[in-house]
Amino acid sequence: MSAINVFQQNPGAEAKAQTPLHHADLASLVGKGRNNAGVTLREKKLLGHLTLRGDGHDPAFASGVHKALGLELPVALTVVAKGETSLQWVGPDEWLLIVPGGQEFAVEQQLRNALAGLHIQVVNVSGGQTLLELQGANVRDVLMKSTSYDVHPNNFPVGKAVGTVFAKSQLVIRRTGEDTWELVIRRSFADYWWMWLQDASAEYGLSIEA
Amino acid sequence: MSQSYRLASGGRVNRGKVLNFSFNGKTYQGYEGDSLAAALLANGVDVVGRSFKYSRPRGIIAAGTEEPNAILQIGSSEATQIPNVRATQQPLYAGLVATSTNGWPNVNNDVMGILGKVGGSMMPPGFYYKTFMYPKSFWMTYEKYIRKAAGLGRAPLQNDPDSYDYMNHHCDVLIVGAGPAGLAAALAAGRSGARVIIADEQEEFGGSLLDSRETLDGKPATDWVAATVAELQGMAEVLVLPRATVNGYHDHNFLTIHERLTDHLGDRAPIGQVRHRVHRVRAKQVVLAAGAHERPLVYGNNDVPGNMLAGAVSTYVRRYGVAPGRKLVLSTNNDHAYRVALDWHDAGLQVVAIADARHNPRGSLVEEARAKGIRILTSSAVVEAAGSKHVTGARVAAIDAQAFTVTSPGETLACDLIATSGGYSPIVHLASHLGGRPVWREDILGFVPGDAPQKRVCVGGMNGVYPLGDVLADGFEGGVRAATEAGFKAVVGTLPKAVQRTEEPTLALFQVPHDKGTRGPKQFVDQQNDVTAAGIELATREGFESVEHVKRYTALGFGTDQGKLGNINGLAIAARSLGISIAQMGTTMFRPNYTPVTFGAVAGRHCGHLFEPVRFTALHSWHVKNGAEFEDVGQWKRPWYFPKPGEDIHAAVERECKAVRDSVGLLDASTLGKIDIQGPDAREFLNRIYTNAWTKLDVGKARYGLMCKEDGMVFDDGVTACVGDNHFIMTTTTGGAARVLGWMELYLQTEWPELKVYFTSVTDHWATMTLSGPNSRKLLAEISDIDLDKDAFPFMTWKEGTVGGVPARVFRISFTGELSYEVNVQANYAMGVLEKIVAAGKQYNLTPYGTETMHVLRAEKGFIIVGQDTDGSMNADDLNMSWCVGRNKPYSWIGLRGMNREDCLREDRKQLVGLKPINPKQWLPEGAQLVFDPKQPIPMDMVGHVTSSYASNSLGYSFAMGVVKGGLKRMGERVYSPQADGSVIEAEIVSSVFFDPKGERQNV
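Protein sequences appear in the order of chains W and Z. If you read the first sequence in UniProt numbering, its first letter stands for residue 1, the second for the next number, and so on. If you read the second sequence in UniProt numbering, its first letter stands for residue 1, the second for the next number, and so on.
There may be inaccurate statements among the hints.
As the list claims (entries may be wrong) - Here are some chain Z residues pointing at chain W (derived, C-beta under 7 Å):
1) P270
2) V499
3) Q500
4) E503
5) L610
6) P613
7) R615
8) F616
9) S621
10) V723
11) N726
12) Q749
13) P753
14) L755
15) K756
16) G832
Think of the hints as simulated: they come from the structure by calculation, not from any bench. Even glycine gets a Cβ: it sits at the ideal position worked out from N, Cα and C.
My request is simple: use the sequences and hints to build the entire structure.
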C-alpha cells in the first residue's frame, strides 16, 4: 500500500443516498411557502466536498492546485468558482473544494498527482456536510439574527466566505450573489440549522426549492 | 364621569380612537397615543401603589423611565403577565389590564398601611441587616415576609406565548436618544453616508421636543422633529429604532438595545410577530444623547399623590392633553421649570403660586410668568405638602438655602398639584457602565460623564448643555465628529434657529429645610425604596460614609429605579450630613441594564426546541422507527435501548445483551469522534500524543491508545488504524471529539510545528455500524465482498471492500468482547447499507442495541469509559493499564513526566478494580462510597467509590467497577458500601475483567 489511502467511497448514482436533510423532505415543501417569500431555501445535494490542506505560501502548492483545478488559490475569506466547482479559503492552510457529486474521487487523484511530493492533506468529507442556498431580500436579516459576523455588503461582498458562529454552533457563510448566500453545514447539525432557519425566516416568509 | 382630567383640546393623542382598559379591576377609557400613566391621570386615578416599607399611598410622579411609583403588573391572562412595568412607559392599548404590584389587599385600603405606620419606625435603614441577618436559619422565613410586604410584582405561572429574538448589527455610529441632540447628531452622521443606528426608548422620536413650548425657525419644534425623522428614514444606511432602550454599554463598543416591537398593540404579539428584539450592536463610534432627568426637591410629605415633577406636568398637559390637577403650586430653584406654570396657565388652569428659592429671579421665563400675572414667591419653597391620599395644599415658607433654615412660618396654599423642580441631572448611566466615574459640575449642579477610553461622544443634556439652540449644535457637532472618526466625510448643514433666552443659574437646593428638620414629616429621597432624608442622615451618623455604603445601608437607588430620580438628592443630603462636597461624595457605580429587560428578550430564540443544538446520526430515523429510547451524549442523541412492546429498560437490555453474546447485535457507533491524519510525521505525532508506541504499527492494523494531559491523567482513548504509511484514522470518545482535535492542533501549532502532519475531522463523514456477536462474520459475509476469513482478516486489522454494495472500510475491533466488525461508509449511503444489513440479519436474530447494553457488555470485559470510570485524576497505572504505556519511546510524550511524579507512583492510590457483591442480587449504586470497615464511627474513612455497576445476565450476578485505595493488591479482600438507609452492601475486590478473561471470543 502507498503512503496515503485514497479510496473511492462513492457507490455511484444508483445507490440509495440520503442527504443530511433527507428527513425534512424538502421536496414535499416546494410551493407551500408564502408568495413572494423573503427567503428561499434550497439544498445543493450530494456534492463532492474535499478538505485540502497545504502550504499556501509555497508557489509549488498554488501552481499545483491551479494545474489540477484550473482555479487560483483563493485569498483569505474568499471563495472562487468555475462552473460547478468552487474553492474556498477556510484557514491559513486549509481550503474547501466542492465539486459535482461523484467527481470527488477523481478530483482527489488529480490534486494528489499535481501536488506529488508536497506535504498536503486531501480528505473526502462529502458525507459530513451539505450546502444550503438561501436567496431573497431578507436573507441578510436572517443572517443578522443568527450570527454576530457583519454581513452588511460593505463588509461582506459577493465572493466572501467565512466560518463563524451561527446561533449556538458554527458554520460557513458564503455570499455567491447579490441576494444569494450559501451555508456549509455539518451533517449532524443539519436538523438544528433547518429548525433555526425556518424560525428565523418565519416573519419574512420562507419558500423551499427542490 | 370619564376622563374628567382630560383637557378639552391639545396633546398628541388620537381623540378619535377611544381605548378601554382596566386598572385594579375598574374599567376606564383613554385615547390612542396615551401612556398608561397619562390615561390613569386623565381619569383622576391618583393612587397607583403602596410604598415598599411604610405602605404609604403613592401616585404618579414622572412621565418617563424615572417614575418610581407607578410600577404595575400588566397582563390580561396568566401567560401574559408582566411584572414591574412603568405606567409612564407603557403605551395604552385596547383591553389593557393593569394592577398595582404592591398594596395588598388593595391600594386604597391597605391593611399594611396600618402596620406601616408602626412598622416604619420599627424599620429604620439597615433594618434588614440588623434584624434579619440573625439567626441565619430564619432568613427563609423573613424573606417570605419581606417579599409579601414589598410586593414587587409576580412572574407568570404559564409559558410565555410570545416570541423574542436577537438581531446583530455593526454600525459606524450608534446614537442613543432621539431628542434634539440625538436627532441633530443623526442628521450629521446619516448625511455622511455612515451606517447609523438611532434608538430611543419612547414611542416616538423627539424627546423633550414632543412637549416643548419651543419653536424652531418660528414653527413648533415638532415640525422639525417630523421633517428630521422623515429624512432619516429615507437614508438607506440609517436604522431608526423607536421603542428601543439602549440598556447596556459593554466593552469594545458593544451595546445592547431592547426594542419593544408590539407592546403598544396588546399584551400578546400579533401572530407571526416578535414581541421584543434585542439588538446587539457593535458600533465604531457611539453618540450618547440620553438627555437629563429633572430631579425633584425633597420636602415634607413630598410623596403624597399630587406631588409631581414639573417637567412631567408639562408632558401630561402638552403631549397627552391631560391636567393632573386643577390648582398648581410650583416649587423651583431654576428658570426652566417656569414653563410648567406657563403651560398650565395657557391651558386655562389656575397657577396658585410659584415658589422660587432664589432671591431675585429675572430670567426670560420668569418675566414671562410675571407678565401673565402669576404670583411668584421668591426666596421660598414648598416645605411641606398637605393631604394624605392626595395633595390638598402646599405650605410655602421663606427659606435660607445657604443656612438650611426656614425663615418664616409661611402660608398654606390650597392646591391639588405641587410641581417641583430641583434642577436637572444628566443621564450618565450608559456613559458609566464601563466604569468611567461621572464628574460633578458646580455650574450646572449635576454630574456629567467622565473621561472614558471608549470611542464615544456625549452631547446635549447628557453633557450638561441645556438651551435648545446649544443642544442642537452640540448634537450636530457630535454627529460630525463620530462620523469623521469612523472614516466618513461629514457634510455641512444648517440647523434651525431656536429662540434665545436669558436664563439665570440654578440655586443649589436639594433638600428643602423644614422647621422640624428631618424629624418633621417624612421627606422622601427615593420613593421606590422608601428612603427618606432622615434615613440617609442616620446612615451617615452610623458611620456609613462611602456612597456605596450609604446606598446599601438605606437601599437608595435599588430596584428598578437604579438611582434615576433620587440619587443626586441622596448624595447631596449625605454630603451635607458629612460636611463634604457632592463632588467628594461621588456617585455609586452604574451598571447595565438601564431599565429592566424581560427574560424573554434575554433568552431570545434560544429556548424550546432551539434551546441547544441536537446532533443526529445518519441512521437516526431508523432508530426512531424501531422504537429506540434515546440518551443525550454531549449534543448527540444516541439510541439508549430498543424496547419491544411491554419491555422496560431492564428487560430490553437483558434481551439485547443476550442477543450479542449468543448471536449478533447492531450498534450505531457513528457518534465516535473520527480524525483523518495525514503526513510523513503522522506516526511520530501519534507517539507523542498517545501514551503507547505507534512506530511499528503496520498498514492494515489498528491499535488502542490512551491519551493523557500533561499531568499524566487519562483524558481520552480510542482505536487508531494505520490506513497508509503516512495516513491514520483516529477514533475518539463521542464527547471528546472536538476537544481531542483541538488538543492535537494546539500541540502541533505551538509545540511541534516542525512535524509535517495535518488533521481533519471526519466524524460526520463516516457513518459507523458495529456488528457484534458470534454470528457477525456469517452475517457480514452475506453482504460483503471482503474476505472475512480469520487469518485473512484477523482481530485488530481493517479491510476495504463493499458492504451492501457500498464502498466501506471495515475494522475488526471490539468493545463487547465478541467477534465484531465496525462497518464505516460515507454517511449519505449509510441508510441503504443499514437496510441491507438488517435484511440479511433476520436469520441471525440481528438485534439493534443501544448505549446501555454497550455499557454492560464492555464493563463485563473491564473496558473503561473515559469520563465514567475516570474523572481526570486517574493515570494509566491507576486504571491497571500500564500495558498501554510506552515508557521507552525515544522522544518524550504528553503525560510521561506527569505520571512519574511522586504522588502518581504511590501504591495506595485509588485503583480501578472489579467489585463483586457477596449477595449476587444486591446492586452497588454508581457513585457509592466504599470503606474497609463499616463498623467504624462516622465520619468513616472512605477508600474509594463505585464507577460503573450493572446487573449481568451473562454472569448471573450483579457486578461493578470501582476505585479502591491500593485495590490492585487487595484482590479477594472485602469492601463495604454503607447505604443511606443504614444497610451495608458487601463486595469482594476482583479483577475488572469479569467475562472471557482470555479474550477468546473476540479473537476468533
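Practice problem: Double-check Z/P753 for me: the hint is only fine if its C-beta lies closer than 7 Å to a C-beta in chain W. | Solution: violated, 11 Å
Quiz item: For the hint on Z/L755, does the least C-beta distance to chain W fall short of 7 Å?
Solution: violated, 10 Å
Quiz item: At a threshold of 7 Å, is the proposed contact between Z/E503 and chain W supported by beta-carbon distances?
Solution: Hint on Z/E503: violated, closest Cβ of chain W at ~44 Å, above 7 Å.
Quiz item: Any CB of chain W closer than 7 Å to the CB of Z/P270?
Solution: Hint violated; Z/P270 Cβ to chain W Cβ min 11 Å, cut 7 Å.
Self-check item: Supplied contact hint for Z/P613, tested at 7 Å Cβ to chain W
Solution: holds, 4 Å
Practice problem: Answer holds if the nearest beta-carbon of chain W is closer than 7 Å to that of Z/G832; otherwise answer violated. | Solution: holds, 3 Å
Quiz item: Does the nearest C-beta of chain W fall within a distance shorter than 7 Å of the C-beta of Z/S621?
Solution: It holds, given that the least Cβ distance between Z/S621 and chain W is near 5 Å, below 7 Å.
Quiz item: Given Z/V723 was flagged as interface, is its beta-carbon under 7 Å from a beta-carbon of chain W?
Solution: Holds, about 4 Å.
Exercise. Answer holds if the nearest beta-carbon of chain W is closer than 7 Å to that of Z/Q749; otherwise answer violated.
Key: violated, 10 Å
Quiz item: Was the hint right that Z/F616 lines chain W, CB cutoff 7 Å?
Solution: holds, 6 Å
Self-check item: Restraint satisfaction for Z/R615 [CB to CB of chain W, less than 7 Å]
Solution: holds, 4 Å
Quiz item: Can we keep the Z/V499 interface hint, with Cβ of chain W closer than 7 Å?
Solution: Since the shortest Cβ distance to chain W is 41 Å, the answer is violated.
The structure fails to meet hints 1, 2, 3, 4, 12, 13 and 14 from the earlier list, while all remaining hints are met.
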